[in-house]
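Visitor: Using the sequences and the accompanying hints, generate a full structural model.
For the protein sequence lines, the chains are A and B, in the order given. In terms of this note's numbering, the first sequence opens at residue 1 and continues consecutively. In terms of this note's numbering, the second sequence opens at residue 1 and continues consecutively.
Check before you lean on any hint, since a few could be wrong.
[Stated by the list, open to error] Below, simulated SDA-like cross-link-like pairs (lysine to any residue); rule was C-alpha separation at most 25 Å, straight line: (1) Lys234(A) - Pro163(B); (2) Lys234(A) - Lys288(B); (3) Lys179(B) - Met136(A); (4) Lys288(B) - Ala284(A); (5) Lys151(B) - Met136(A); (6) Lys179(A) - Lys138(B); (7) Lys234(A) - Thr123(B).
If you're looking for bench data, these hints aren't it; they were derived computationally from the structure.
Number of protein chains: 2
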Amino acid sequence: MKWRSFIIIVIMILAWQANYARQKKYVLVIHGGAGTILKKNMTAEKEAAYRKVLTQALQAGYAVIKDGKKSLDAVETAIRVMEDSPLFNAGKGSVFTNEGKNEMDAAIMDGSNLMAGSVAGVTTIKNPISAARAVMEKSEHVMMTGPGAEKFAKSSGVEIVSPDYFYTPERWEGLKKAKKEDSTKAILDHGNKKSGKLGTINKDYKFGTVGAVALDKAGNLAAGTSTGGMTNKKFGRVGDAPIIGAGTYANNKTVAVSCTGWGEFYIRNVVAYDVSAMIEYGKANLQKAAQTAIDKVGQLGGDGGLIALNVQGEMAMPFNTAGMYRAAITENGEVELLIYK
Amino acid sequence: MKWRSFIIIVIMILAWQANYARQKKYVLVIHGGAGTILKKNMTAEKEAAYRKVLTQALQAGYAVIKDGKKSLDAVETAIRVMEDSPLFNAGKGSVFTNEGKNEMDAAIMDGSNLMAGSVAGVTTIKNPISAARAVMEKSEHVMMTGPGAEKFAKSSGVEIVSPDYFYTPERWEGLKKAKKEDSTKAILDHGNKKSGKLGTINKDYKFGTVGAVALDKAGNLAAGTSTGGMTNKKFGRVGDAPIIGAGTYANNKTVAVSCTGWGEFYIRNVVAYDVSAMIEYGKANLQKAAQTAIDKVGQLGGDGGLIALNVQGEMAMPFNTAGMYRAAITENGEVELLIYK
Chain A
1 MKWRSFIIIV
11 IMILAWQANY
21 ARQKKYVLVI
31 HGGAGTILKK
41 NMTAEKEAAY
51 RKVLTQALQA
61 GYAVIKDGKK
71 SLDAVETAIR
81 VMEDSPLFNA
91 GKGSVFTNEG
101 KNEMDAAIMD
111 GSNLMAGSVA
121 GVTTIKNPIS
131 AARAVMEKSE
141 HVMMTGPGAE
151 KFAKSSGVEI
161 VSPDYFYTPE
171 RWEGLKKAKK
181 EDSTKAILDH
191 GNKKSGKLGT
201 INKDYKFGTV
211 GAVALDKAGN
221 LAAGTSTGGM
231 TNKKFGRVGD
241 APIIGAGTYA
251 NNKTVAVSCT
261 GWGEFYIRNV
271 VAYDVSAMIE
281 YGKANLQKAA
291 QTAIDKVGQL
301 GGDGGLIALN
311 VQGEMAMPFN
321 TAGMYRAAIT
331 ENGEVELLIY
341 K
Chain B
1 MKWRSFIIIV
11 IMILAWQANY
21 ARQKKYVLVI
31 HGGAGTILKK
41 NMTAEKEAAY
51 RKVLTQALQA
61 GYAVIKDGKK
71 SLDAVETAIR
81 VMEDSPLFNA
91 GKGSVFTNEG
101 KNEMDAAIMD
111 GSNLMAGSVA
121 GVTTIKNPIS
131 AARAVMEKSE
141 HVMMTGPGAE
151 KFAKSSGVEI
161 VSPDYFYTPE
171 RWEGLKKAKK
181 EDSTKAILDH
191 GNKKSGKLGT
201 INKDYKFGTV
211 GAVALDKAGN
221 LAAGTSTGGM
231 TNKKFGRVGD
241 APIIGAGTYA
251 NNKTVAVSCT
261 GWGEFYIRNV
271 VAYDVSAMIE
281 YGKANLQKAA
291 QTAIDKVGQL
301 GGDGGLIALN
311 VQGEMAMPFN
321 TAGMYRAAIT
331 ENGEVELLIY
341 K
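Guide: Structure below.
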């Protein structure tokens, strides 16, 4: 009887260890935005195009990690690939503001020392994520905005382009459509005497961001996020992406997080740092903390998603929208790429 | 023997209750910035002037609470008094940027519903805290920057002034001094080939912010912060004050917080929300959470202070600088005002 118990315990331990060994260790997770992304609205060509760029971004970042370079380099590399594609609302594919401009935001954070950098409202920087990194590494500051940020980026050797580099016909059409809906809303609001608030009617105008979280061979985490913000945005609006703690956060002790979604709710909930705090103070596991943070966004009436990665290589990619462009790669180069729920 | 134990327990309970009743219930706490504020550098006149304005701000905010109005109103009222004084680095007394401008930041948050508003880099708004409130109440957004924020504020009825309203001879002298030190530092750095970083040599140029946290009769918390930023700042630098979670946060469930200090460290540590998270997830009490947040800033190499208030009317005002202008008032109108350690 005694021996039987002993054998059962040994088997349980072996089974547990085997399971542990099977746990994949992820080293890079990326997202290309969350929103009303439905299979029925997607052509095969469009889906293939998204899959191609997401895979390129993932592979480019993975090569950096495999080379033994920093997680910061992997995050910057992966995001630059997505910024250079017209498909995502960041860099080249950024949406237009109400005034017909492209105003971009980005942030990056180093989990090994809590250094961080961000830029907001920049219009001439080809890769805002690299400008954010320059702010972190080449200045005493964390956040720079507008023309001042551009001046600094230029002096730091970050590539500057003419604002018309960011023109894409799809985004210009998007602005025209948003303006039309906005004026319809204004008429409706006036008719009903209901709302003095300013804003757009179409929730999807709030979405579209790219981000990455990475874990390097030295065991350091990093996170980064880049966005063109909201279609038809006014008044120098800034979302969560460039705000450390809201859209972007990394800390080796806890987790690296990049968010995408309706930025206002992410700022109010301090989402990225909230995931970290639930892990550090609330002893939540990564999955639970990430999911709870998204649930809290939903409870306030917001939506979106996030990606999270810890030093054990565990990852989470929760969202409460119809879809989120997301992909992850393990230390062995195994790729997972998903778009819909 | 049994009876003796019983009597001792009863006495202990009564003593505890009496002590509990003696606990002061604070309804408004304000700060006017932290930094190298030393008694030996202060004239009696200057100290009296600071005491006068701090008392005025406290009394104005207290009158609002006593009237049964919202904690948000009390926060806005108290901060406006300090913004209108040339003594504090906010509103009228804002410091100058490297380009000789006054670029102000402010944020406000409602602990009852987690609504928040903020403005950054505004140059023509007499009371930035009121612009932050307009963003919260009259737009769908949380954060607006630069000329866009000013345009919105104007359209919302917030008072606009000419940029020269913010000129004060003291701050202009401060800029001249900072520039001189900066050029000395540049020469030194060049000579030593030590640092490619940009920044000022004098830590005190990073300080000066005003803030308030309040608790109203309905049991709702609010927090607000307003600042002129850093003397000689460049490149559209933004500090922690307008960043929800970093310099400002309020949540009825946990705490209302306003920070003042070396903003970069407050952003990297997500200080205001960190106090809340330690209370919510870590079950820390208010004093412990507030002190730990400041200790963490110190561990990274930063300094400053914060004020915190919860729905029980408990407050904390920790700082790790030589001094912090700070004051609090109880529900009975009892004032506490301190400047030095």
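Visitor: Indicate, hint by hint, whether the structure satisfies it.
Guide: Verification of the hints:
no., hint, result
1, Lys234(A) - Pro163(B), "holds, 23 Å"
2, Lys234(A) - Lys288(B), "violated, 41 Å"
3, Lys179(B) - Met136(A), "holds, 23 Å"
4, Lys288(B) - Ala284(A), "holds, 22 Å"
5, Lys151(B) - Met136(A), "violated, 30 Å"
6, Lys179(A) - Lys138(B), "holds, 19 Å"
7, Lys234(A) - Thr123(B), "holds, 18 Å"
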